[in-house]
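Undergrad: Since the structure of chain A is provided, determine the placement of chain B on it from the hints.
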Amino acid sequence: MSSLSRDDVAKLAGLARIEMTEEELVSLSSQFGMILDAVARVQEVDLSGVKATSHPQPLENVARPDVVLPSLSPEDALSGAPAKEDSRFRVPQILGEAE
Amino acid sequence: MIRQSAAQMAAALSEGSTTSVELTQAHLDQIAAVDNNVKAFLHVDAEGALAQAKSVDAQRKSGEKLSPLAGIPLALKDVLAQRGVPTTAGSKILQGWRPPYDSTVVTKLKDAGLVILGKTNMDEFAMGSSTENSGYGPTFNPWDLTRTPGGSSGGSAAAVSAFQAPLAVGSDTGGSIRQPAALTGIVGVRPTYGAVSRFGLIAYSSSLDQAGPFGRTVLDTALLHEVMAGHDPKDATSINAPVPAVVAAAKSGDIKGMKIGVIKQLQGEGYQKGVQARFDESLQVLASLGAEIVEVDCPNFEYALAAYYLIAPSECSSNLARFDAMRYGLRTGDIDGASAEAVMSATRDAGFGREVKRRIILGTYALSSGYYDAYYGSAQKIRTLIIQDYAKAFTQADVLVSPTAPTTAYKIGEKVDDPMAMYLGDVATIPVNLAGICGMSLPAGLADEDKLPVGFQIMAPAMQDQRLYQAGAALEAALLSKWGAPILSQAPALAGSK
Chain A
89 MSSLSRDDVA KLAGLARIEM TEEELVSLSS QFGMILDAVA RVQEVDLSGV
139 KATSHPQPLE NVARPDVVLP SLSPEDALSG APAKEDSRFR VPQILGEAE
Chain B
937 MIRQSAAQMA AALSEGSTTS VELTQAHLDQ IAAVDNNVKA FLHVDAEGAL
987 AQAKSVDAQR KSGEKLSPLA GIPLALKDVL AQRGVPTTAG SKILQGWRPP
1037 YDSTVVTKLK DAGLVILGKT NMDEFAMGSS TENSGYGPTF NPWDLTRTPG
1087 GSSGGSAAAV SAFQAPLAVG SDTGGSIRQP AALTGIVGVR PTYGAVSRFG
1137 LIAYSSSLDQ AGPFGRTVLD TALLHEVMAG HDPKDATSIN APVPAVVAAA
1187 KSGDIKGMKI GVIKQLQGEG YQKGVQARFD ESLQVLASLG AEIVEVDCPN
1237 FEYALAAYYL IAPSECSSNL ARFDAMRYGL RTGDIDGASA EAVMSATRDA
1287 GFGREVKRRI ILGTYALSSG YYDAYYGSAQ KIRTLIIQDY AKAFTQADVL
1337 VSPTAPTTAY KIGEKVDDPM AMYLGDVATI PVNLAGICGM SLPAGLADED
1387 KLPVGFQIMA PAMQDQRLYQ AGAALEAALL SKWGAPILSQ APALAGSK
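For the record, the sequence lines run as chains A and B. At position 34 of the first sequence (counting the first as 1) the number is 122 in our numbering, and the numbers step up by one without a gap. At position 303 of the second sequence (counting the first as 1) the number is 1239 in our numbering, and the numbers step up by one without a gap.
To be clear, the hints were calculated from the coordinates, so they are not data collected in a lab. None of these values were measured; they are calculated from a predicted model. No incorrect hints appear here.
Ranges between beta-carbon positions, derived for each pair:
no. : chain 1 : residue 1 : chain 2 : residue 2 : range
1   : A       : 158       : B       : 1419      : 50 to 58 Å
2   : B       : 1357      : A       : 146       : 33 to 41 Å
3   : B       : 1313      : A       : 102       : 22 to 30 Å
4   : B       : 1354      : A       : 148       : 37 to 45 Å
For glycine and all other residues, C-beta sits at the position ideal for the given N, C-alpha and C.
This is chain A alone, in the form it adopts within the complex (with noise of 0.2 Å):
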């Protein structure tokens, strides 16, 4: 039986950017013990000499030549902005105050 602890789970979580309960992470590390080990059937095949399909369409290398194609206005690609500035987004503080 697989397992992730709470402190796991929180460990993933703070890797993807979600802040989570405390019910939230003991919740889904009860269930993921459950889940890991139905996913974890892709490991009882004999895989070796098996090539890895990331894609279902022998595609490579889709190129468009090379022009210059219209595009959103600054203000469509603004609209949706939680917070905007003159032309630009408006985001939160990246660099710590003391830096």
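TA: Below, chain B alone, put in the same frame as chain A:
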């Protein structure tokens, strides 16, 4: 009028016995009458729909050449961006967002003169099989309002089933068109991967996602399929080849000599008795029409569900990183001095629902160094084996078949706390997505034990989508003559329904 097929409505429009404005208003009236109970729509765009209807009527009056579905109303899954119209993908993180652009599917619908009535409910970011994971509450199955319509395109399926729209667009990453079609007694098709542009389709799992049509008949579904499909330079995975002749195939329906392969692994144990009975009966019908039934072996399908629940969460954990509270969508916790990272984490906590978080965490785990090869890497190899199983099976048969879902519609709330039980409902639909091929679900009748619709799934090789329609039309016609009336005429009447 609203109970007709889209093809019949189109004929009425072209002979002038009705107008698109009348047709659109009739559907808006039906939405007003029943959607309080069904809750198929997240947003109804009455104004936009009537404006489009008016414009198509004017074009028709002036003698312009119109496309076959011009003036026909349609419901659009809220996963597709439509300029200026609220688009949420069922998530609180996108509440109030109005896209500044149209997805290619929407552009094609508008160009063909279809009238978009509104946006339909769905499991958040298409993650789910019951529409219960929507951030805006569940959709209810028109056959029994205490049950789920399936998902994730449950709103689109319910809208068509409840005569709120003759056609709808859904998306199918692991069965999200076929399974709700099965549970609501309608037709749904997941086209070949790359056949319909993903530009403007809010991404869940990019190597599996594909938009497709819903209708109440095989022909209606084919008509919409032809409008949606086609190469798009804006989607690098879009197939640059002619759209298969699906409408012609739906009109022909000749299956004499067609070889139909029954997948050994997708029947029997784990399938509800009434589901299996309707499936077996449909096979006999197909045989009586001159098809040859063979059994095919796909031994690696046993691992498809496990591979899917690694690949899809892995891709989603990466795709959903775009919801960072910076450029669009929700932002919370942006108080003086809060760091970007803290705002991001608080926003993603507030904006994402339980299932989305569960899958992001699972994907983050499966992709983390040390586990990558064991989980994501192995799943990708299983994917290769499933493609090989299909390739071999398609040397023995022209199309493959199975029940669409192991059960009929289940009760709202029944599986919500048991993710593995919910995931098992996708066992028969997922292999199609992993292999990138196409599949259809169409009604096979009602299960004896609960009088709820059963879906019959047909699968065909990549870019052979016409075979789905050919076999589907044959089965549909034979079953219709057996039943005497379309399956939806057996659904209990909804309160207030026109």
